[in-house]
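Same order as they appear, the protein sequences are chains A and B.
Residue 633 is where the first sequence starts when you use the working numbering, and the numbers rise one by one after that.
Residue 225 is where the second sequence starts when you use the working numbering, and the numbers rise one by one after that.
Think of the hints as simulated: they come from the structure by calculation, not from any bench.
All values derive from a computational prediction rather than experimental measurement.
Even for Gly, the Cβ is constructed at its ideal location relative to N, Cα and C.
Be aware that a few hints might be false.
Calculated Cβ distances over 10 Å to all of chain A for the following chain B residues [claimed, not checked]:
# : residue
1 : L238
2 : E332
3 : A333
4 : L337
5 : A342
6 : A347
7 : L354
8 : S357
9 : G370
FRET-style restraints, in silico, Cβ to Cβ [what the hints assert, rightly or not]:
#  : chain 1 : residue 1 : chain 2 : residue 2 : range
10 : B       : H356      : A       : E653      : 40 to 50 Å
11 : A       : R1192     : B       : R321      : 53 to 63 Å
12 : A       : A1077     : B       : A374      : 17 to 27 Å
13 : B       : H356      : A       : C958      : 46 to 56 Å
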Amino acid sequence: MSASDNHSGASPGGPDRPAGEDPLVTPRARQGRAPDVFRPGAWLPMREYPEDEPVDFAIIGTGAGGSTLACRLAEHGFGVVALEAGPFWRPLEDFASDELEQSKLYWLDERITDGEDPIEMGRNNSGRSVGGSMVHFAMVSLRFRPEWFSARSSLGYGVDWPIPWQEMWRYYAEVEEALKIAGPVRYPWGPPRGRYPYRAHEVNAAGLVLARGCEALGIPWAPVPLATVSAPRGQSPPCVYRGFCIIGCSTNAKQSPLVTWIPRAIRAGAEIRDLAMAGRVELGPRGRVSGVHYHREGRWRFQRARNVVVAGYAVETPRLLLNSACPAFPDGLANRSGLVGKNLMVHSGHGVFGRVEEEVRWYKGPPSLALTEHWNYTDTGKDFDGGYVPMSQGPLPVEWANVLTARGIWGEDLRQRMTDYIHGAGAKIVGEVMPQERNRVTLDAEQDRFGLPVARVTFSYCDNDRRLIRHALRFQRQLLEGAGVTGLFDVEDTAHLMGTCRMGTDPVRSVTDADGRCWDIPNLWVCDGSLFPTSGAVNPSLTIQALACRAADRIRTLARRGEL
Amino acid sequence: MAESMHRFPGYDVLAKRDTPSWNPQTRRVIEERLALPPQAHGFFTEAEWRTLNAVCARILPQPPDRADPVPIAALLDQQMQQNRGDGFRQADMPPLREAWRRGLAAIEAEARLRHGAAFHALAAAQQDALLHSIQQGEVRAAEWQGLPVAHFFKARLLHDIVDAYYAHPTAWNEIGFGGPASPRGYVRMGFDRRDPWEAVERKP
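Make a model of the complete structure from these sequences and hints.
Have a look at this one:
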């Protein structure tokens, strides 16, 4: 496939935008400036680093992990260059209220999927933009249950994380403050916590259906803590409940990295390079990496670096390490453990949907405004390990139509059922999935437009996963029946990606230490969802950002001690 | 269902085009989509085009009294020209363009094998029966070789047709979707609450 073969006609601005201004074709962050996302046509001054002098940190990827780390390292005084394969969007000018158009936010270069339960990629769980998939995430910002950080020793399954929960709690608070999470005054689960920085959002009818079901069952529910502001914040206006959150926020109410960590990082002296696709990390002398080969503006380049951080998420991170194999590391860089690419996890996204008499109009507001963490914090009455959290749903039309067609419905029947759209209601879970070595990312023989081998993503549920899914479907049926929802049906889905470069305390059983530092190469780091030893049962972005904040502080400490 | 039986009579998302519900980039994108000529095709051959149109008409049959049917086939042709896939495919599935070409050829071969006629020339009931067989993976034509039949039907044929149809304002009108909503979003969020710029549902 040639470069022009992909996205050739899919210029986001349409035919009237000059080619030189197409952010999918021409980088925006260059010549000492980067887009100011808050002001149309405006720019922020941006420091630039030469390629031939080693920068302190070259970070690959600007999602939840990379952008947060870039910001905090720059604020700690390190030199930072962050490479992003995707474009640098200006949401106020580039984002339309249209599902088809906004597919430009996804990683649309091919991945091959297989296994017994092949994962849907693309719009489901990928992003390629400055800000990563958080540019189109559903904003759900939950902390892990404390015991999940010691899943093996406290709950008897999976493996322990190398970081105690008390330490994570401090960093969760830091991230919640940085994103001004809007949440309830009293959150019903977990250890006592301070109040959320911003007040909770009004719960829409779709959320009230879930609340009604919980109250019928006598279990607690809560408004979802969300990364979209409920009151003005700096240049972010309060959320206007337009409901297109998962295809990108066009008002900047959403506190994605694109409007939070990235502008902070640039102000603190980091350089962001958009449309910069990393191809290989170079191993230099003395067992240390020397920099990154990356493709930008039509040719391959090399950025020298004292440290390289891989933050491409659970598919691109192992893909890059595996593709960086060299004589010293024939099975992939930093892969003496053989675990790079293994233990890939998703979240089960199984749900139940139906119809209520009232008009719900679930396209209004953030897609998930109510949840219950009952089964995350209750250990009795389960025939499975792990937890799950049902959340209310608000699918857009194309997404909803795909839910119906997945049941095999088409023809006049489909058109008829779709006319019930404004009466739809339902719930889907974020369900914990166990780590298994057979679930993994490998390199396929097929090549992408850069000549790099594409990722092959292999996934199968295990028996415990299937028991959890059965339990969750049964429970959600009870919940929705209690809420007066009729015509119930089950749907299968997944969300999120985790694992593939797990951290740990033992170089034989993990790829990195608790700081994301690779056991095999001391100046090579990982900072994204790949680090997760277990998946937990909440959306991963808050935890990824907390890990990145922690890693930045640890790196500062190590640098002061001369241990970098 | 005739257009005159519409659940949301008189509702037209396009009437909001010049209100605060539509920003300039949305206007530009939707205008482009609406300007697509229904017969425009540069990717599909004439034979493929006839089969495709007949398939689309069965997957999403549109009301006979609809003045401007959603040009599903033209939207698919545009998708093929842009090679706009999903960002993944199962290991046994060919890439986007190849999957469609082979799939349409196989549908045509299946029709000729069963009925001795082109797919587009079959009666609607015959077309539906044939599509149901494909959905179940029950096919006989040799042209299906190398194509995971049921998965092709669900993940490619159905998926792409439905994506194209429900990305069109005419489909949004039909289901009472609010349509584009930026910078103005919504105010009334609760049960049976409707903002003045939302669709009114016809009650039985």
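Does A347(B) clear chain A by more than 10 Å, comparing its Cβ with all Cβ atoms of that chain? Since the minimum Cβ distance to chain A is about 15 Å, A347(B) lies beyond 10 Å and the statement holds.
Non-interface label on S357(B), tested against every C-beta of chain A at 10 Å: For S357(B), whose nearest Cβ neighbour in chain A is about 13 Å away, the distance exceeds 10 Å, so it holds.
Would E332(B) pass as off the interface with chain A, using Cβ distances and a cut of 10 Å? holds, 19 Å
No chain A beta carbon within 10 Å of G370(B)'s: holds, 16 Å
Hint check for E653(A) and H356(B) - Cβ pair distance inside 40 to 50 Å: holds, 48 Å
Checking a non-interface call: every C-beta of chain A should be farther than 10 Å from the C-beta of L354(B). Is that right? holds, 13 Å
Closest CB-CB distance from A333(B) to chain A, is it above 10 Å? Answer for A333(B): holds, closest chain A Cβ roughly 21 Å.
Is the Cβ of A342(B) farther than 10 Å from every Cβ of chain A? holds, 20 Å
Go ahead and decide if the range 53 to 63 Å is satisfied by the Cβ distance of R1192(A) to R321(B). holds, 56 Å
Determine whether the non-interface label on L337(B) survives the test: each CB of chain A must be over 10 Å from its CB. L337(B) is indeed farther than 10 Å from all Cβ atoms of chain A, at 22 Å.
Can you let me know if the beta-carbon spacing of A1077(A) and A374(B) is within 17 to 27 Å? holds, 26 Å
Say whether it holds or is violated: L238(B) keeps its Cβ farther than 10 Å from all Cβ of chain A. L238(B) is indeed farther than 10 Å from all Cβ atoms of chain A, at 13 Å.
Hint compliance for this structure: no hint is broken.
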